[in-house]
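Protein chains: 2
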Amino acid sequence: MSLIYNRVALIGLGLIASSMAHAMRRDKTVGEITGTARSAETREIAREVGICDQVMDTAVEAVADADLVVLAVPVGAMEAVAREIGPHLKPGATVTDVGSVKRAVIDAVAPHIPDNVHFIPGHPLAGTEHSGPRSGFAELFENRWCILSPEDHTNAEALDRLTRLWKAMGANVNTMEIDHHDLVLAVTSHCPHLIAYTMVGVADDLGRITDSEVINYSAAGFRDFTRIAASDPTMWRDVFMNNKEATLEILGRFTEELFALQRAIRQGDEQHLFDYFTRTRAIRRGIIEAGQDTDAPNFGRGNTR
Amino acid sequence: MSLIYNRVALIGLGLIASSMAHAMRRDKTVGEITGTARSAETREIAREVGICDQVMDTAVEAVADADLVVLAVPVGAMEAVAREIGPHLKPGATVTDVGSVKRAVIDAVAPHIPDNVHFIPGHPLAGTEHSGPRSGFAELFENRWCILSPEDHTNAEALDRLTRLWKAMGANVNTMEIDHHDLVLAVTSHCPHLIAYTMVGVADDLGRITDSEVINYSAAGFRDFTRIAASDPTMWRDVFMNNKEATLEILGRFTEELFALQRAIRQGDEQHLFDYFTRTRAIRRGIIEAGQDTDAPNFGRGNTR
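Order-wise, the sequence lines are chains A and B.
Take the first sequence: its letter number 285 is residue 285 in this note's numbering, and every next letter is one higher.
Take the second sequence: its letter number 71 is residue 71 in this note's numbering, and every next letter is one higher.
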């Protein structure tokens, strides 16, 4: 593929940034990749794994002469990073982020971005329960969505270049209004994560059941919850701290519905349960058809021994 | 492998029974497999797919001369089937079931089993979101657990044979006391399913988000919920109707914990969230180590295009 950026700086070297680096190198879409991370240990591992061409000790060094700067730190750390690098950004460069919430990130980052730099908030909807510089792999974004939230006045050429980079990494790219993004993600990601965390916590608390029972018998539904609930604690703490309103609204609706189902169980209202379960099944079909999961009978889990 | 039963009768021909048939045929552990299903359509498909040696129109015909009878119908249908076949069971035969709850199944089935027939309740913890006679595959039980709930007076030879059959199909076999089974499964399976159904229902209800948004952006956590929530509605209605007490107890604990996390979000209690998320992560490690899921960075999902 042809070169899209001469120099890309990755701030933060976790799952997303290291996966981006692997993909950009595979496709030769970027001339040089610099990177940095707050912790010396992470920087050391990144040097060992050889994710970037250069791992710098500071974000200021990393962004020098960069055409694209990717903020790939937990949402709660965005403001400090933006404040630090703001004065050192190359005129004409683009800054993007990969944060799971957009309104809070924009409020934190935008004030620190000079007028001659393009800020295009972004969010790749991809992840695993692993974190850190060793967890990345080039295929993470394949057939996943990346949502960009440009403003009306965002430079069209800058938007086009960033879009091309994400597409080169295998992602489908869409744009979305900021607050709508935060609501959609509260539904499709943030609340499911909180619920999974909660259920795993309940299992762990229940004295009458041993950990090994929970673990051995997880194949019956719980396994998917534990995968979700194993995601990075810092990242998720920051997500909930920074998308409070939408998360609490959706959780309110969730508990309301759950209470209705609990009541149906208690009262023996079979029809209510059957109708509810039939309706939700249809949504699954839509996801299969949209290519966001496999329909294989063993759902790609045949090799788990 | 050597022959374990001369003749096995499968009552109900859904995911579990058809997977058992595929596995028993692969391993030649059974001389002849008969089967039946309540609906003529299912029987027709089963004949087409060739799951069994013979598909009978009635359960009475199917169990004739069978050494093992497997009740693989929804929990709510167990009583009627047991009543029907009871007088026609071969002396010395074993009857087992694959129901997801045990206390209610035993109460429904045991009174109809003659004294000269061994009844050994069972539950293979394996499944996919697919159902029906076409959904089975021989590897479904590989490295999954099958829980048997024999009584103290259960015939040891009969228990040993049934155990050998499940092991031949790839399962790990354990025994568990009836009520403890229902509590463990409420935690590891029944409540996670209800919660997933609920979250998918909430997403579907939210007018401000389109179905295609929910579907496209499901990779961010929601995808696993939709898979769970696509499971067979009849089966799951019956599970909740027949494991009320344990399900409602665990749901009570779940909502209590969820409210505590909601309050932490509202009040900005970062430490509470971080500690909670860190604790749940450890449980996941245990599941990986127990071999009940893969630790591959892409969790076996690389081929979802």
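A few of these clues could be false.
[Said to hold, decoys possible] Some chain B residues judged to face chain A by a derived CB distance under 7 Å, without partners named: (1) W145; (2) L159; (3) V200; (4) N216; (5) W236; (6) M241.
Derived from the structure by calculation, the hints contain no laboratory data.
Glycine is no exception: its CB is placed at the ideal position from the N, C-alpha and C atoms.
Evaluated hints:
This hint holds: B:W145 has a C-beta 6 Å from the nearest C-beta of chain A, less than the 7 Å allowed. The beta carbon of B:L159 comes no nearer than 20 Å to any beta carbon in chain A, farther than 7 Å, and the hint placing it at the interface is violated. The interface hint given for B:V200 is met, as the beta carbon of that residue sits about 4 Å from the closest beta carbon of chain A, less than 7 Å. Hint status for B:N216: holds, given a least beta-carbon distance of 6 Å to chain A, under 7 Å.
Because the closest C-beta pair between B:W236 and chain A is about 5 Å apart, less than 7 Å, the hint holds. A hinted interface residue such as B:M241 counts as satisfied when its beta carbon comes closer than 7 Å to some beta carbon of chain A; here the least separation is about 6 Å, so the hint holds.
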